[in-house]
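Assemble the whole structure, with the sequences as input and the hints as a guide.
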Amino acid sequence: MSELHTDHAHDGHAHDEHAGLSKKKIWQVFFILLGITVVEFIIALWAIPGGHMPQHIGNYVYIALTLYKAFYIVAYFMHLKFEKVGLQVTVSIVFIFILYFIVLMLIEGGYLHLHMPLV
Amino acid sequence: MSSLSQLDQVKTTPWSGGRSPWSVEYGKIMMWFFLVSDAFTFSSLLVYYGAQRFSKLTWPDPDLVFQSIPGITDSGAPLVFVGLMTFILIMSSVTMVLAVEAGHRRSKKEVIWWMVATIIGGFMFLGCQAAEWTHLFHEGFGWGKIPPMETLHHLFTGEVSTVSALQFSNLFFTITGFHGFHVFSGVIINIIILCMTINGTFEKRGHYLMVEKVGLYWHFVDLVWVFVFTFFYLV
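Protein sequence lines correspond, in order, to chains A and B. 27 is the number of the first residue of the first sequence in the working numbering; add one for each residue after it. 23 is the number of the first residue of the second sequence in the working numbering; add one for each residue after it.
Calculated directly from the structure, the hints in this document are not laboratory data. It should be emphasised that the depicted structure is a prediction, and the values quoted were computed from it without experimental measurement. Built from N, CA and C at the ideal position, the CB exists for glycine as well. Fair warning: there could be bad hints in the mix.
What the hints assert, rightly or not - Computed cross-link-like contacts, DSS-like style, restricted to lysine-lysine with a CA-CA straight-line distance of at most 25 Å:
#1 B:Lys33 <-> A:Lys50
#2 A:Lys107 <-> B:Lys235
#3 B:Lys131 <-> A:Lys51
#4 A:Lys49 <-> B:Lys131
#5 A:Lys50 <-> A:Lys107
#6 B:Lys131 <-> A:Lys110
#7 B:Lys33 <-> A:Lys51
#8 A:Lys49 <-> B:Lys33
#9 B:Lys33 <-> A:Lys110
#10 B:Lys130 <-> B:Lys235
Claimed, not checked - One side only, chain A facing chain B, incomplete, derived with CB under 7 Å:
#11 Ala96
#12 Ile99
#13 Phe103
#14 Met104
#15 Val117
#16 Ile128
#17 Met131
#18 Leu138
Set out below in structure tokens:
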């Protein structure tokens, strides 16, 4: 393992040029993630039980907030926002398959919902 | 300038060869590709969970199933314990990214300190998960096992369905188990990297790229938890 990486030592130096996040930015992202989670808790423990928001609207809000959190983790913590566009496209475009799979399985689930006897 | 002499000119664009177009180190690209494939595995599990849930008329209500704080109360505190677990994991992601930041400055002492904090966070999360699983086992849940009918009546808001309860139980333990396994291997890898940092391996190497690579893995584990949290505990 170690000899493999000594070959790349110079690449490592080159990499330092686009340096990582500042401490300030790290804590900023942390508070955004924490804030979104708190909002999710307010929806789960107050808005939906209290009848301020119907469950199905709440579900869409949860999913939107989850994707928002995912964006912050991938873009800042995993540093993808600062990588080359080619890498960003490569690791994100394949999720088209997952979107397709979600649609496919929800159709399947909807079909079973209508046609399977209740057990 | 004739068009022929233009052909002789050496191209310098990122994709004309002779350089790394993404300017990312090999190991890091491979880590990204591994994480993409791992994301597919987790997505498949979660999509299947969604399809099952979608197909059923009733499903165990997460607010009723997850309302205990192990060691403190058995009921009446929905989401509190899992909220704590989420906080621990986000927090350990922050300490990991701080370790990476310290690595950029090649500050060995700070890397060690933040790696230790990350490992502690990982163990705390695993401890919480063990406590939660134990509580669910005591209730009667398990792979292929569901609690008796009188308990199930308290876990559904609609009509009780044993098939739904069984699907819920199997998928809950499989998916959180697979995630917990990732956290566990992450902690082990973090410990290895901590030992290498203490030994001065990265200082001799001149860079802390390995810390960045395990950092990617650790953030991915946090990322998966964000989705597991939403689809098992919130929706």
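Checked hints:
1. B:Lys33 <-> A:Lys50: With a Cα-Cα distance of about 40 Å, the restraint between lysine 33 (chain B) and lysine 50 (chain A) is violated, given a limit of 25 Å.
2. A:Lys107 <-> B:Lys235: holds (16 Å)
3. B:Lys131 <-> A:Lys51: holds (22 Å)
4. A:Lys49 <-> B:Lys131: holds (16 Å)
5. A:Lys50 <-> A:Lys107: With a Cα-Cα distance of about 17 Å, the restraint between lysine 50 (chain A) and lysine 107 (chain A) holds, given a limit of 25 Å.
6. B:Lys131 <-> A:Lys110: Outside the cut-off at roughly 31 Å; violated.
7. B:Lys33 <-> A:Lys51: Cα-Cα ~37 Å, so violated.
8. A:Lys49 <-> B:Lys33: Violated, at about 39 Å.
9. B:Lys33 <-> A:Lys110: The hint holds at about 19 Å.
10. B:Lys130 <-> B:Lys235: The given pair, whose Cα atoms are some 17 Å apart, holds under the 25 Å limit.
11. Ala96: holds (6 Å)
12. Ile99: Hint holds; isoleucine 99 (chain A) Cβ to chain B Cβ min 5 Å, cut 7 Å.
13. Phe103: holds (4 Å)
14. Met104: Interface hint status for methionine 104 (chain A): holds (5 Å vs cutoff 7 Å).
15. Val117: holds (5 Å)
16. Ile128: holds (5 Å)
17. Met131: Holds. Min distance 4 Å.
18. Leu138: Status holds, d = 4 Å.
In terms of the numbered hints stated before, the structure departs from hints 1, 6, 7, 8, listed from lowest to highest.
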